[in-house]
Amino acid sequence: MNKTLKNTFQLNIGPQHPSTHGVLRCIEELDGERIKSLDFVVGYLHRGMEKMAENMTCLQYLPVVDRVDYLSGFFCSQAYLSAIETSLNFELPKKAQYIRVLTMELNRISSHLLWLASFLMDLGATSPYFYCFRERESILDIFENITGARMMYNYYTFGGVKSDISAEILDKIAEFLDEFPSHVKEYENIITNNPIFLDRTKEIGVISLKQAQNFGLTGVNLRASGSKADLRKDKPYLIYSELDFDVPFSIYGDAYTRYQMRIREMLESRKIALQCIEWLRKNISDDKVNLNINSKTVKIDEGLTIGSVEAPRGEIMCWLWGNGTNTPERVKWRTPSFYALQVLPEIMKGKMYSDLMSAFGSLDVIMPEVDR
Amino acid sequence: MNFDLSSNFNILKSETLKSGQTRFFVSKDDIVNVLTFLKNVPECDFNVLKSVSCAQIHDNFEISYYLYSSKNLDEVIILVSVPVNCPEILSVVDVFKSANWDEREIYDLFGVKFINHPNLKRILLPEEWQGHPLRKDYINEDKRLRWNYE
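Residue numbers (our numbering), protein chains in the order written: chain A, 6 to 377; chain B, 322 to 471.
Next up, chain A with everything else stripped away, as it sits in the complex:
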């Protein structure tokens, strides 16, 4: 008899688990507390976004687009619309471009705040949650004033944005941005040098630059590993080339670095937003915020166009095949979390089970974006 005792066992996490940021099932093969292999089952939030596009006109599809990633709806709209606008050679009014950048950067801050809150919650710290949600609430209030919605905005339209921003709202945003650095200081005071936080994030989930590039990571996850790639600098869209901002990057590639990068990126976003506000205040009398196109009649030219945008989680790409009618032939979404999740089995092999959730949390994966 050549029967040896099997000394590994299987552990299942999810699909319903608070730290999986949605609905994700992880199947782990554990040897004691070390992870031998890791497998993901995704698709629980699959809504058939790409199939839906084939049965709708591009105007009907516009509100759906916000739902691709519900924490950064503006970015998805921008990716989709930039594909259509490039295909039809629309030149956006300057004011619409500034409003888009302003709303997107505020959206980036709110998305990073939610990431920070839930990441710290995964690690067992409850109080940062309340701090972050306090500021996120102010941003969502601002969005409600601008667009009428708090999460699913449907604010951008073909050739611009749907409505102008009033001077009062600009004041409100400026007020929020003025006190924002002091709030960031508050987070940093409780988090950055906290010994428990350091123990749980330093040298956890290290991704080398080679790995990151091989797995197609983008955004903060890539920049924390030593790349400077940022679409806003490399291939500027809208008015990013006229704005002054830095792209934070580092070389260590662990969970702690990714945390630092996101904190610094929030402050950079604030810088961009302030420049937009300055411009918008100067041009408050200009009221051309869209091209007044009858959205029902928008027809997409034949052929492929790709709209890409640097979203909080990385690069969102919208591939759009037109066929000369107002219904797209096919739409394909390239979402950054889909790739960020793939890297996890590789970096967690042989590591402790207790580090899984801090590595997973630090990648800022959001499931609706993976499943689409």
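Since the hints were made in silico from the structure, they are not lab data. Mixed in with the good hints there might be a few duds.
As the list claims (entries may be wrong) - DEER-style ranges, computed between Cβ atoms: (1) B:Pro447 <-> A:Met156: 35 to 41 Å; (2) A:Ala154 <-> B:Lys457: 51 to 57 Å; (3) A:Met357 <-> B:Pro447: 29 to 35 Å; (4) B:Ser327 <-> A:Asp306: 24 to 30 Å; (5) A:Met156 <-> B:Asp380: 39 to 45 Å; (6) B:Asn354 <-> A:Ser132: 51 to 57 Å; (7) A:Gly53 <-> B:Asp350: 29 to 35 Å; (8) A:Met357 <-> B:Glu448: 26 to 32 Å; (9) B:Cys407 <-> A:Asp306: 27 to 33 Å; (10) A:Lys301 <-> B:Pro447: 34 to 40 Å; (11) A:Lys207 <-> B:Lys349: 45 to 51 Å.
As the list claims (entries may be wrong) - Here are the simulated lysine to aspartate or glutamate pairs, EDC-like style, with alpha carbons at most 16 Å apart: (12) A:Lys356 <-> A:Glu33; (13) A:Lys207 <-> A:Asp360; (14) B:Lys418 <-> A:Glu351; (15) A:Lys215 <-> B:Asp415; (16) A:Lys240 <-> B:Asp395; (17) B:Lys360 <-> B:Asp395; (18) B:Lys457 <-> B:Asp380; (19) B:Lys339 <-> A:Asp306; (20) A:Lys215 <-> A:Glu351; (21) A:Lys56 <-> B:Asp458; (22) B:Lys442 <-> A:Glu334; (23) B:Lys457 <-> A:Glu334; (24) A:Lys293 <-> A:Glu96; (25) B:Lys464 <-> B:Glu449; (26) B:Lys339 <-> A:Glu96; (27) B:Lys392 <-> A:Asp239; (28) A:Lys11 <-> A:Glu33; (29) B:Lys339 <-> A:Asp360; (30) A:Lys233 <-> B:Asp458; (31) B:Lys360 <-> B:Asp380; (32) A:Lys99 <-> A:Asp291; (33) A:Lys354 <-> A:Glu34; (34) B:Lys457 <-> A:Glu59; (35) A:Lys356 <-> A:Glu208; (36) A:Lys215 <-> B:Asp458; (37) A:Lys238 <-> B:Asp395.
Unchecked claim - Partial chain B-side listing against chain A, Cβ under 8 Å, derived: (38) Phe346; (39) Lys349; (40) Asn368.
Beta carbons are placed, not taken as given, at the ideal position from N, Cα and C, and that holds for glycine.
Using the hints provided, position chain B relative to the given structure of chain A.
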């Protein structure tokens, strides 16, 4: 673009998209060699495969590989065409690991078989799902669904 793909491979067609990317149409048997060439030859240095996508154009699946070079900030799309009645192509997971889930997704939604893929099974849809929804001739005939009751 400072490299010459046509001296090494047979390029059927090339065009520039409105969004700026150059697209090369190559034969489907060449795909692994083309991607390996673009990744490893120093002048090209396309070290990131950002996305693999598929679309059904008439009787063909057009599979596009979006490559990006972090050194030259250059991007290029390699396009191959696979007939709908014999949807088989070599997998590029050995060259770029990011293709793993992309290829599974295309297998799931279009039914394209990737030869040599390490783990080719459905990813977004449940394993018992019938058919491939993004095909143009797809009809959902699952008898368990309320609207498909006899």
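Against which earlier hints does the structure fall short, listed by number upward?
1, 2, 22, 29, 30, 31, 36, 38, 39
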